[in-house]
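Number of protein chains: 2
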Amino acid sequence: MSTSEPAPTPTGAAPQSSPGQGRGEPVRPAFDRSGLVPAVVQDEASGDVLMVAWMDAPAYRATCTTGLATFYSRSRQEQWVKGATSGNYLRVREVRLDCDRDTVLVRVDPDGPACHTGARSCFDDGLVPVEPSGAGQSR
Amino acid sequence: MSTSEPAPTPTGAAPQSSPGQGRGEPVRPAFDRSGLVPAVVQDEASGDVLMVAWMDAPAYRATCTTGLATFYSRSRQEQWVKGATSGNYLRVREVRLDCDRDTVLVRVDPDGPACHTGARSCFDDGLVPVEPSGAGQSR
Numbered sequence: 001m002s003t004s005e006p007a008p009t010p011t012g013a014a015p016q017s018s019p020g021q022g023r024g025e026p027v028r029p030a031f032d033r034s035g036l037v038p039a040v041v042q043d044e045a046s047g048d049v050l051m052v053a054w055m056d057a058p059a060y061r062a063t064c065t066t067g068l069a070t071f072y073s074r075s076r077q078e079q080w081v082k083g084a085t086s087g088n089y090l091r092v093r094e095v096r097l098d099c100d101r102d103t104v105l106v107r108v109d110p111d112g113p114a115c116h117t118g119a120r121s122c123f124d125d126g127l128v129p130v131e132p133s134g135a136g137q138s139r
Numbered sequence: 140m141s142t143s144e145p146a147p148t149p150t151g152a153a154p155q156s157s158p159g160q161g162r163g164e165p166v167r168p169a170f171d172r173s174g175l176v177p178a179v180v181q182d183e184a185s186g187d188v189l190m191v192a193w194m195d196a197p198a199y200r201a202t203c204t205t206g207l208a209t210f211y212s213r214s215r216q217e218q219w220v221k222g223a224t225s226g227n228y229l230r231v232r233e234v235r236l237d238c239d240r241d242t243v244l245v246r247v248d249p250d251g252p253a254c255h256t257g258a259r260s261c262f263d264d265g266l267v268p269v270e271p272s273g274a275g276q277s278r
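Protein chains in written order, with our numbering: chain A, 1 to 139; chain B, 140 to 278.
Keep in mind that the hints are not guaranteed to be accurate.
DEER-style ranges, computed between Cβ atoms [stated by the list, open to error]:
| id | chain 1 | residue 1 | chain 2 | residue 2 | range |
| --- | --- | --- | --- | --- | --- |
| 1 | A | Ala84 | B | Pro268 | 23 to 31 Å |
| 2 | B | Ser225 | A | Pro58 | 33 to 41 Å |
| 3 | A | Ser86 | B | Glu217 | 37 to 45 Å |
With the C-beta cut set under 10 Å, the calculated list includes, among others, these residues of chain A facing chain B [claimed, not checked]:
| id | residue |
| --- | --- |
| 4 | Pro26 |
| 5 | Gln42 |
| 6 | Gly47 |
| 7 | Asp48 |
| 8 | Pro58 |
| 9 | Thr65 |
| 10 | Gly67 |
| 11 | Asp100 |
| 12 | Arg101 |
| 13 | Val104 |
| 14 | Ala119 |
| 15 | Phe123 |
| 16 | Pro129 |
| 17 | Glu131 |
Some chain A residues close to chain B (C-beta under 7 Å, calculated; not the full set) [stated by the list, open to error]:
| id | residue |
| --- | --- |
| 18 | Glu25 |
| 19 | Val27 |
| 20 | Ser34 |
| 21 | Leu36 |
| 22 | Val40 |
| 23 | Val49 |
| 24 | Val52 |
| 25 | Cys64 |
| 26 | Arg96 |
| 27 | Cys99 |
| 28 | Cys115 |
| 29 | Cys122 |
| 30 | Val128 |
| 31 | Val130 |
Simulated from the structure, these hints should not be mistaken for laboratory data.
Remember, it's a predicted structure, so these values are computed and weren't measured experimentally.
Glycine included, each C-beta is placed from N, C-alpha and C at the ideal position.
Work the whole structure out from these sequences, hints included.
This is the structure we're talking about:
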């Protein structure tokens, strides 16, 4: 999670290269004070961002070890395997942590629509009209 | 932000189709109790997820109106325009909200590396070794 820039590269802090390669236990994210990290789910084939949800430590571990994307419901206060009810599992192809280790990127092969509305992605119907003043359009 | 499944489609709640098309003010996300929403930044050309950061209302509005991705630093408690110091601006091509309107997806054309480490993406060096037990590999 980028919080400012430019930030000095931490020395001896969060790993900047493949963290924890070769360990038996999956590399642990930097969970927030609530014990959670946001997890971005991306379709490996299309590159589309499908959804964003939260993971606690057990959900993260389950995602890394079962091959099925698993999250933590803040409202129900429990883990949930995406697809357990709908059948639309998200099959884990790759897990990445960001440079601060406080965000998870899960690249998946989805069995079906990722959104509870039936849409392929939770972002499919959310286009926001933007009217840049011009600064963003020129290079 | 998906919090459970299956969730009934809300009636008269968060819009399920293009929210606020045609309004003068950008559609407002559902900010959390801290007044923030997570924002996922995706490279429009490559589809790569570049970084995840936070937005408050002014940062979101700036992102939608200036065409330059703008975030909120929780540590410094202020907005920051990505690239203002490094020159590596993220030029906004598209803004989307998810089905619950509590996550922003910003598709951008980046002027340079998105990560403060100099990496193209904050996730470039964060591959986590996963050893699915098999459930995720079969269909």
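Hint by hint, here is what the structure shows:
1. A/Ala84 to B/Pro268: 23 to 31 Å: 25 Å, holds
2. B/Ser225 to A/Pro58: 33 to 41 Å: 37 Å, holds
3. A/Ser86 to B/Glu217: 37 to 45 Å: Between A/Ser86 and B/Glu217, where Cβ atoms are some 41 Å apart, the hint holds.
4. Pro26: 6 Å, holds
5. Gln42: Since chain B brings a Cβ to about 6 Å from A/Gln42, closer than 10 Å, the hint holds.
6. Gly47: 3 Å, holds
7. Asp48: A/Asp48 check passes; min Cβ-Cβ to chain B is 7 Å, inside 10 Å.
8. Pro58: The hint is violated - A/Pro58 has no Cβ within 10 Å of chain B, the shortest such distance being about 15 Å.
9. Thr65: 6 Å, holds
10. Gly67: Because about 2 Å separates A/Gly67 from the closest Cβ in chain B, which is inside the 10 Å limit, the hint holds.
11. Asp100: Holds: closest Cβ of chain B sits about 8 Å from A/Asp100, inside 10 Å.
12. Arg101: Result: holds, 7 Å to nearest chain B Cβ.
13. Val104: Hint holds; A/Val104 Cβ to chain B Cβ min 8 Å, cut 10 Å.
14. Ala119: At about 7 Å, which falls below the 10 Å cut-off, the nearest Cβ of chain B leaves the hint on A/Ala119 intact, so it holds.
15. Phe123: 4 Å, holds
16. Pro129: 6 Å, holds
17. Glu131: With Cβ-Cβ at 7 Å, under 10 Å, it holds.
18. Glu25: Check failed: Cβ of A/Glu25 comes no nearer than 10 Å to chain B, outside 7 Å.
19. Val27: OK, holds: A/Val27 within 7 Å of chain B, min 5 Å.
20. Ser34: 11 Å, violated
21. Leu36: 11 Å, violated
22. Val40: Nearest chain B Cβ about 5 Å off; hint holds.
23. Val49: 6 Å, holds
24. Val52: Check passed: Cβ of A/Val52 comes within 4 Å of chain B, closer than 7 Å.
25. Cys64: 5 Å, holds
26. Arg96: 4 Å, holds
27. Cys99: 5 Å, holds
28. Cys115: 5 Å, holds
29. Cys122: Holds: closest Cβ of chain B sits about 4 Å from A/Cys122, inside 7 Å.
30. Val128: 4 Å, holds
31. Val130: 5 Å, holds
The structure does not agree with the numbered hints 8, 18, 20, 21 stated previously, though it agrees with the rest.
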